[in-house]
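Q: If you're matching them up, the sequences are chains P and V in order. Our numbering numbers the first residue of the first sequence as 1 and each following residue consecutively. Our numbering numbers the first residue of the second sequence as 1 and each following residue consecutively.
Some hints could be false.
What the hints assert, rightly or not - In silico negatives: residues of chain P with every beta carbon more than 12 angstroms from chain V:
{"no.": "1", "residue": "A125"}
{"no.": "2", "residue": "D138"}
{"no.": "3", "residue": "E192"}
{"no.": "4", "residue": "T299"}
Claimed, not checked - Covered by chain V, per the in silico footprint, the following chain P stretches (three or more residues, Cβ under 8 angstroms):
{"no.": "5", "segment": "164-178"}
{"no.": "6", "segment": "290-297"}
{"no.": "7", "segment": "358-372"}
Said to hold, decoys possible - FRET-style restraints, in silico, Cβ to Cβ:
{"no.": "8", "chain 1": "V", "residue 1": "F106", "chain 2": "P", "residue 2": "N313", "range": "58 to 64 angstroms"}
{"no.": "9", "chain 1": "P", "residue 1": "E363", "chain 2": "V", "residue 2": "E167", "range": "29 to 35 angstroms"}
{"no.": "10", "chain 1": "P", "residue 1": "A314", "chain 2": "V", "residue 2": "F106", "range": "53 to 59 angstroms"}
No lab work stands behind these hints: they were computed from the structure. Note that the Cβ used here is the ideal one computed from N, Cα and C, for glycine as well.
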Amino acid sequence: MASTQHALLSPAELAYLHAALSLTPPIRPDGRSPAQFRPLVAETGILPGTNGSARICFADGTEAIVGVKAEVERTRGGYEGEIVEGGGAEEVVTDVNDEEKKGESDWVEMTVEIPGLRDDDATTAFLGAMISEALLADGGFSRRLWINRRFHWKLYLDILLISPPLSYPLPLLSLTTHLALLATRLPRLKSEGDEDPFFDDDWAAARYLYPRNKKDGKTTARPPVTLLVMAVGNNIIFDPAKEELAVADVALAVSIGEDATTAATATGDDASLMMDVDSTTAAAAITSARNLRLLSIRTIDPPSRLTPSGVPNATNTAYGAATTQKQPEARTAEAEAVEGVWRAPRGGAKPLVMAALVHKVLEKGGIADEVLDALHAVDLG
Amino acid sequence: MTDRRRINGPVGATIPLVFEDVEDYEQVATKAARSRAPNAVRKMYLKTGVTPSASGSAYLEIETSGKGGVSGLKLSCTVYGPRSLPRSSPFSPHIILSTHVKYAPFATKQRRGYLRDPAERDLGSHLEAALRGAIIADRWPKSGVDIIVSIIEGDQDRETSKTQGDEAWDIMNALSGCITVASAALADAGIDCVDTVAGGVAALVRDTADSSPSIVVDPIPSEHEKILASCCVAYLPTRNEVTNLWYKGDLPASDMELYTKLVEKGIQASTNANRVLLECLGETVN
């Protein structure tokens, strides 16, 4: 998969960029520090017709909207449900422990739309798979959609990039999805046990998918975020722009989540009660170190492999090199690496470099903490 | 007037009684446990040049777990090219790879359609990332190559119920097979690579609810109680480089040691597959 369309840069420009990014400290084209994100504008609850929505606009002009719609669906092959139905309707099971609440991955449907790309494009499938993979990694998310043994919520996540893809849109789409899920509310359930579900009409009484503290309105559990990180030379660079990605040696997408054990997982009627009881301990858990979880890692095929290589002066006929060989392409391919002349990287990345990238994301007080802190600060309305 | 020519059944419907077969029940209850050592991969069979009309082709078979009703992994890969790009396409200084991975409709428990679904497209892009690092792409400007992998049997256990086996983990094994077989087919087609790339899978599994998790190589998801994390690695042994890494699961970030070990085991599985690959290519040359 070519992770973006070609950045139209000449070999000389690529060599310059690569050299600038390999310095210590690296000099990025937009003047950011290696671990600095692009500034962004975020808002939630922009679409009244959805259960939850969010919009994020990056400083470079890329903008995404996510809308979440929920529908009640009968649980397929309701094996346990049928037993209850056959065994007599009087036997209403009210206390279902958390272990029994088991979700399935097809309760979440995700579509990604990127202007200028076909629906069946590999990039779209790759982005969609990556975001949903992180969301479903621990099974905790689909458990939130559990209504009773016979019914569940089916969640449709529609991710729309509304600007042209000026940079690799993964971090943008992931952050927008994160905020949209935090803002998602589901109607309050009025029925009990395994009855046909019946909901409260009052939207003001709707429950958040990710329950919040009464005190400060902050959630304890949070959906995962996916971060893009790349390595050039000895430097590790976060949130690369398109031009930076064009000279990457290796690029990884790392999805992280917060540990669900510190947070309440219930979404039912008892959620608010639990939040009241837990609020002091949960708030303490937030202020102390958070327990990050590593959910998924994918290698992004860096577009640098598709860039044209430069021709060193020693073999350039315009600079007086002898034209002995018939195939100029073959010659440039075998030429020795010359400093300052761009060559598209070959091969992969050393395992140690990859481990260093992941470590840098996850370390205490590292970039993951910083991003999650910043997202905590977003007013969820 | 009632129908008097036939003997009609009673009006009320009855449901025939179904007795659960005790033997079947017990067989399902006692799951097949892993019989290999944690470091041992399954045996595999690899052969190149199986499709004469293609420029390169390979066939890979990985043995079953030995239990009845379980199919192994059977993959066939064909490579067409390098061939010139159509006149309408823009100039490319490199060879353009296009990878297609398709499960045969009968390869998995649940029938798959003829059109590629998002999971198959996703596999295709993983395969492309793994191969692009291995191919020396600038030796063929203005040309393209098509790599088509068909998964004939998808390594799934028919016996396990739907809730037990999770297809999300099977896909890792399929990808590692795809990488190995595509690498063999590329070599058969005579396309220059920096090294042969092979895939390997390692997983962190828990066998019983209360035992501590352990890392196994080349896991079969139905043999384990729960898979906590799994990773698929595409590795170039002579350069000591990873071209594609796909990790999925749920690990505490504080325990990086575990993750590093998982990737190490994945690399080990990949080197094992690479040995088979080299032997197979050696046979073809002689």
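Q: Quick check: do three or more residues in the segment 164-178 of chain P have a beta carbon closer than 8 angstroms to a beta carbon of chain V?
A: violated (count 0)
Q: Do the Cβ positions of A314/P and F106/V conform to the proposed distance bound of 53 to 59 angstroms?
A: 58 angstroms, holds
Q: Verify that the Cβ of D138/P lies farther than 12 angstroms from every Cβ atom of chain V, and report whether the claim holds or is violated.
A: Violated, since 4 angstroms does not exceed 12 angstroms.
Q: Given as covered by chain V, does the segment 358-372 of chain P meet the bar of three residues or more with CB within less than 8 angstroms?
A: holds (count 4)
Q: With d taken as the least Cβ-Cβ distance between E192/P and chain V, does d exceed 12 angstroms?
A: 25 angstroms, holds
Q: Holds or violated: the segment 290-297 of chain P covered by chain V, criterion of 3 or more residues with Cβ-Cβ distance under 8 angstroms?
A: holds (count 7)
Q: Taking C-beta pairs only, is T299/P more than 12 angstroms away from all of chain V?
A: Given a closest Cβ separation of 5 angstroms, the condition is violated.
Q: Looking only at beta-carbon atoms, does the pair F106/V, N313/P fall within the given range of 58 to 64 angstroms?
A: 59 angstroms, holds
Q: Is the claim that A125/P lies outside the interface with chain V correct, judged by CB distances over 12 angstroms?
A: 4 angstroms, violated
Q: Does the Cβ pair E363/P, E167/V satisfy 29 to 35 angstroms?
A: 34 angstroms, holds
In this structure, the earlier hints numbered 1, 2, 4 and 5 are contradicted, and the remaining ones agree with it.
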